[in-house]
Structures are given as structure tokens and as C-alpha cells.
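Letter by letter, the chains look like this.
Protein chains: 2
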Amino acid sequence: MKIKYYLLQKEENTKARYGTIETKYGVYETPMFMPVGTRATVKGLTPEQVKEAGAGICLSNTYHLWLRPGEDIVAHAGGLHQFMNYHGPILTDSGGFQVFSLAKNKQKDITEEGVHFKSHIDGKSLFLTPEKSIEIQNKLDSDIAMSFDECPPASASYEYLKNSIERTLRWAKRGKKVHCNSNQALFGIVQGGPYEDLRKYSAVETVKMDFDGYSIGGVANDGESKEDMYKAIDYSIPYLPEDKVRYLMGVGEPIDIIEGVIRGVDIFDCVLPTRIARHGQAFTRDGKINLHNAKYVKDLTSIDSECDCYTCKHYTRSYLRHLITTGEMLGGTLLSIHNIRFLIKLTEELRVAIKNNQVLEYREKFISRYVKKDI
Amino acid sequence: MKIKYYLLQKEENTKARYGTIETKYGVYETPMFMPVGTRATVKGLTPEQVKEAGAGICLSNTYHLWLRPGEDIVAHAGGLHQFMNYHGPILTDSGGFQVFSLAKNKQKDITEEGVHFKSHIDGKSLFLTPEKSIEIQNKLDSDIAMSFDECPPASASYEYLKNSIERTLRWAKRGKKVHCNSNQALFGIVQGGPYEDLRKYSAVETVKMDFDGYSIGGVANDGESKEDMYKAIDYSIPYLPEDKVRYLMGVGEPIDIIEGVIRGVDIFDCVLPTRIARHGQAFTRDGKINLHNAKYVKDLTSIDSECDCYTCKHYTRSYLRHLITTGEMLGGTLLSIHNIRFLIKLTEELRVAIKNNQVLEYREKFISRYVKKDI
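Residue numbers (my numbering), protein chains in the order written: chain A, -6 to 368; chain B, -6 to 368.
Keep in mind the hints are simulated off the structure, nothing from the lab.
We put the CB at the ideal spot given by N, CA and C, even for glycine.
Watch out, some of these pointers could steer you wrong.
In silico DSS-like cross-links for lysine-lysine, where the CA-CA straight-line distance does not exceed 25 Å [stated by the list, open to error]:
no., chain 1, residue 1, chain 2, residue 2
1, B, K155, B, K166
2, A, K117, B, K166
3, A, K306, B, K36
4, A, K281, A, K219
5, A, K155, A, K169
6, A, K36, B, K166
7, A, K306, B, K166
8, B, K155, A, K36
If the Cβ cut is set under 7 Å, some of the chain B residues that face chain A in the computed set are [as the list claims (entries may be wrong)]:
no., residue
9, R268
10, A287
11, K288
12, D292
13, S295
14, S311
15, L323
Derived Cβ-Cβ restraints for the label pairs, each shown as a range [stated by the list, open to error]:
no., chain 1, residue 1, chain 2, residue 2, range
16, A, G19, B, S112, 48 to 58 Å
17, B, E341, A, K44, 22 to 32 Å
18, B, S118, A, K281, 56 to 66 Å
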């Protein structure tokens, strides 16, 4: 079965919405944060640990799996769920973002047909097209596939973006045409930078193609301002249908998740919680902390006294600091569990706030602690 | 309470014995393989994963914890069990082996008082004595502490070893004198290389001091032959009391565990299962396999069809190869779980074989597959 979104409640004071996504693995509530399992593994975590953190949909990267082990190997195992032992819904991205951000030396040749670039692993010449991206995702057998789009840099001009969104629309159409996995939803992607008319045009034209869900892309680029990110959302959301799920790609800063929810976004993903974990950083209600800091050497409190995750239940900052400073694998694992749980719990609390029409109060309360305190 | 060993059954055809160790965390059967948590963590595994693999006693390293985070930090947390969240028995080694194997440039200055050497981390001058080792272990609050001994290289001469075991005896006496943790057992260590008279003398004199258990040391050195290892065991065991547990230090090759059990050893430890796991190697009944090997790329079988571990229940060689070749943390974790379980299951099977007086048959059956097949 294809996933299906149900809008259950709209918050009174903002565009925030509470809903559910029905999947063959069960029903999951939105707003939702999706952990990222780039290469068919959320780095350092077993699927059980991912689920214990409250995860619903998990994300995996088409580009990375295309290169290694190759989509045919995954298909041979029975698809991505079987391959990685994640018996829950999986979303695969299109590879577009990675092609534009990871290509060796960032060099690529964009043609109407697709993108020529070199592998970030071995420099091998590669060619990714909208059709190829969908074909790979079909074979991976994820529950949600993404259309292949161009991801222009934050510095792209209005003129460049204007041409780019036209090409992305043509690519979306081509991808949809070859999409043939009836159990797999296909999402369209709205681009257009921080420009109101471009976002509107991109959204309206993408929606005309009738995708199973819509995502707002081009908001997690290097150098993009938060203001531009919020503009991109504000200018896209009004043109997206209410009965389809809305996905803000690559966004995982707590504040940005709250701002996204307020603007009508349902689902988020980001490598941030696991990436900063491996560098010793952890979210707390009072802001991020860095466990390398010597002041935690004898700190017998948990990372966050308000957190209910496995790590906070069983481990002190003192022990976690020891693991992080000695480079022990378990340090990255335990902090990743906490950071993922932190963002998922944030979305759980936002669901409650939506139901109580208190999203703005929630934001105020959260920001008053998270931003101001210096830890 | 101090741990206590109960000899429950002696095998008829060999010196193998079945017994139990009573601890404040419960009763554990021997023969037993103890996973190593060098720096207060079995690399990449949560304590729950360690226990799920069937672990009883877990080992941790005094030398490493002395350097980082320092025994006072561990004591501040309430001891090693609290610090690392391992609520099961823990054995700490004395630091002796690491001083002799890890000291920077392998340079050390052995005096009657102790050993001067430089830290392998930062080259800092350090001085470890029998008293200091026991003091650190007292603070770590492990369930079993080890006497501080000299660990001569496999190449040491008879004359050198003769003097060395005398010094180790004096060090054992000094350590025992300052040992003041009434909840902590203290084990003596038999040295003497492959020489019958030295092993006998070392064993007899060590036993005179009445330790809570005895270990056979100097058998896991670089360059030592298996023949010398078996000699060291054979020449030590007859002089160890039957009512105390016998521990063969640093041994974890499956064949060596079987040979050790046959010779009367009760407990074993080794970093081998976790170390080779991080390099992509896994034990199977037919010998070790290396998951880097391209032939596993589409192999949908588990590592070992006869294994009941978490990894073998849920993951294929194809997926594990993907994790290992891409350097994903989860690869090391999953292979470590399997390799630890493999050795623990081996000791579980040996217990059954002892009860049925079939240890020699067990060895024959195991070796016929493990050694000969080329995988």
C-alpha cells in the first residue's frame, strides 16, 4: 500500500497542523522528525535503538546506496527494509542534493538530460537523470520516493533559479512518468529560492502533476539565512494542497523545526543530531552542550534532566565525556540516541501544542531557554 | 560480598571442570568467556547488548582507566559499575600487561619498587607500583582485582624469568598487604614462561599467600607459541587449589579456549572478538571469515547459521559487508556482538560437554570443522 496522509487538526493561531500518515507498518503522527540513515544505517544505531527513540519514518540516501552497495544488491536482499532490518516506513531522497553538494570538487555538468559528475569516493564519472533516480528508488523499494530536482546554491541569482525551476518541473514530469512502484509514494519538490513568485510558480506547477506529497527544497544549503528559509516556506505552503503531507528537507535545528511547524510543515529530516553527536555535542533544553568541555568531567547529571531517552536514563555527562574524549564508538552512539530523541520529543510536544492551540506559547517558552542561556 | 567459586563437576577424561561463581549480581557458570571493556566500555556495545550476548563477568583495564578518566573520577561516580552502567560482575586487570606492552616505545625501567614508563597517550612519565595498582582497583571498585605482576616477553631467558617470578611474588605480597576493599576479590598471578620448575615454584608460592583466585599469566605475549601456552597451563594447574577459580589471561582463540578448558581453566578474556570485528572479521564454525571479501556481496545468509546472536538473527553477510566496506560504525558493533556471542556460546557448549564427559569428543568435532575448512 501507498502511504496516506490525514489532516486531523489545524491550530487556530498559526498554520501548524496535526495529522497522521498511514503506512503498511502502522500509523504515525505528524509533525514528525525523521532520522537519517544515509547508507542504510542510522550511524551507530541498531533499528531497535532508532525505534526506541520514537522514530517513525526513517530516511536513506539514494545517491549513497546507488554508489555502494548498488541498488541491485539492495533489491537482491528484498529491498531496503529487509536489507537494513528496518521494519518501519522509509523515505529515500532523489540523490539530487548529494549530486550538487558531494560531487568531487563540486564540479558537475547540468544538461537537460541529467547531471554528469564525478563520484566523491573514487572520482568515477557518473550520470544521474530523473528517470535513473526513480529507477533506483523503485529498486530500493522505499515507501516514499522523491523527484529528482536541481538544488541550486544559496547564491544562485533570480534568473538562474527561474530557469532551474522550469528544468526541475520537466524533470519531475519525467520521473513521474517512469515511476512504476505501486507501493511507493512519489513526492514533488518545490524550489525557487527566497522569491515569492518563483516559489508560487514552482508550487502551483508541481501540484498540477498531482504527487502523493510535496516537499520544500533548497532550504538547507550552505550559506542560506534563516530568513530566506522561512520565506521559502511561507511562499510555498499556500499553494500546497491541505490533504497532502508537506516535507521540509534537510532541516533539523530545533528552532527551525518549530518555525517550520508554525508555517504548516509536517515532516523534517536532518543529519544534524547524529553528526553533532559524533563530535561530542548534545541538545539540551538550554541549548547545545559539548561533552569535550572539561567542566563535565565530574558531572553526574544526565545530558538533559527533562529527557526520557535511553542515554539520559542510564548515563552521566561524566561518563559520556570520557567516551567522547577517548574516541570510544559508544559515545557517538549514546549521544546520537539522545539527539534523535530530543528532536522527536520536540515534535511530540508540538503535536500536543497544536491540539491545545498553544504553538506560539510553546515557541516562546522553548526559545526563552534554548537561545538565551549560555552553557 | 566477595565472589565465591564452587566446583560442581570434574570431567572424567580431562582436567576440565564445571562450576559456578557466586557474585552479588547473581550466579554465573564456568567455563566462561569474559568480554573486554578496556576503557569502561566494550567497544561499540551497550551493556544490554553485552548481556544479551550471554556475558557474565566483564573485564576492564586498570591502566587505561588510571590514565583516562582517572580512578578518582570513576570513584566519584560510585565505582565502575555505576560509571559504565554495567550491573554485572567486573574484573579489573592490574595494569601490568599494559605497562609492559603499551608503554611508549616499549621503554620501561623496572625497579624493585615498581615500573617507570611513559604514557602511550602523551609520553608523560608514570610510575606504577603493586600498591598503586591495588589502590586504583580499590577505587574502581571492581568485583575482582588482579595482583600487579611483571609480564616478561616470550623471548625472556630462563635466568631472567627466575628473577622475574621472585619479584612478582614480592609484588603480589605487597599488593595483598594494601588491599582493603572487602567486597573485592584479589587474584594472584602465576608466571614462569614455559618452564615446569618455574611455573611450579611460582604457583606454589603464590598459592601460599591464599588469594581468592589464581590466574595464569604470560601466555598471551607476542611471539609465544601455542605449545608454550599449553605448557604454561599444564605446569601451573596441578599446583592451584581446586576450590578456587582459575583464569587464563588474554586468551580468546576458540581452539585455545577449548585447550584451556581441557587443562582445567575456568575463565578467559580477550580483546580478539571485538578487535577483529572492527576489522571486518567474524568467527564461524568453519573458521574466521572476512566480510571485506567480495564473495559476500550478495550473500543473504547470516554469518553463522548455527549462531543465535542478535546479528545472526537479523542481518545478512551482504548487509554486514556493506557496513564494513563503507566504514559504518554499526558494522563493528554487529560483528562484535556476534564474535562475543560465538565465544560465550563455545563455553556454554563446553559446560554441557563437561557434564556429559565428552570434552574430547567436543574438541575433535570442533577442530575438524574449524581448522580444516578454508573459507
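Outcome of the hint check:
1. With a C-alpha separation of about 17 Å, the suggested pairing of K155(B) with K166(B) holds against the 25 Å cut-off.
2. Distance hint between K117(A) and K166(B) is unfulfilled; the C-alpha atoms sit about 65 Å from each other, more than 25 Å.
3. Proximity of K306(A) to K36(B) is assessed by CA-CA distance (about 20 Å); at most 25 Å being required, the pair is judged to hold.
4. This hinted pair checks out: K281(A) and K219(A) have alpha carbons roughly 18 Å apart, not beyond 25 Å.
5. Taking the CA atoms of K155(A) and K169(A), the gap is near 22 Å; set against the 25 Å cutoff, the hint holds.
6. At most 25 Å may separate the alpha-carbon atoms for a hinted pair to count; K36(A) and K166(B) exceed this at roughly 48 Å.
7. In summary, the hint linking K306(A) to K166(B) is not supported, as the alpha carbons are separated by about 42 Å, beyond the 25 Å threshold.
8. For the suggested pair K155(B) and K36(A), the alpha carbons sit about 52 Å apart, so the restraint of at most 25 Å is broken.
9. Contact between R268(B) and chain A, as hinted, is not supported at the beta carbon level, the nearest pair being about 13 Å apart and thus beyond 7 Å.
10. Interface hint status for A287(B): violated, as the beta-carbon distance to the closest one in chain A is roughly 11 Å, over 7 Å.
11. For K288(B), the interface hint is violated, the least distance from its beta-carbon to any beta-carbon of chain A being 13 Å, above 7 Å.
12. Of the supplied interface hints, the one on D292(B) is violated, with its beta-carbon coming no nearer than about 10 Å to a beta-carbon of chain A, more than 7 Å.
13. About 12 Å separates the beta-carbon of S295(B) from the nearest beta-carbon of chain A, more than 7 Å, and the hint is not met.
14. Because the beta carbon of S311(B) sits about 6 Å from the nearest beta carbon in chain A, less than 7 Å, this interface hint is met.
15. Look at L323(B): its Cβ gets to within about 5 Å of chain A, closer than 7 Å, so that hint holds up.
16. Judged by the Cβ atoms, the range 48 to 58 Å given for G19(A) and S112(B) holds: they are separated by roughly 53 Å.
17. The hint said 22 to 32 Å for the Cβ distance between E341(B) and K44(A), and at roughly 30 Å that hint holds.
18. Checked against the hint of 56 to 66 Å, the C-beta distance between S118(B) and K281(A) comes to roughly 38 Å, which is inconsistent with it.
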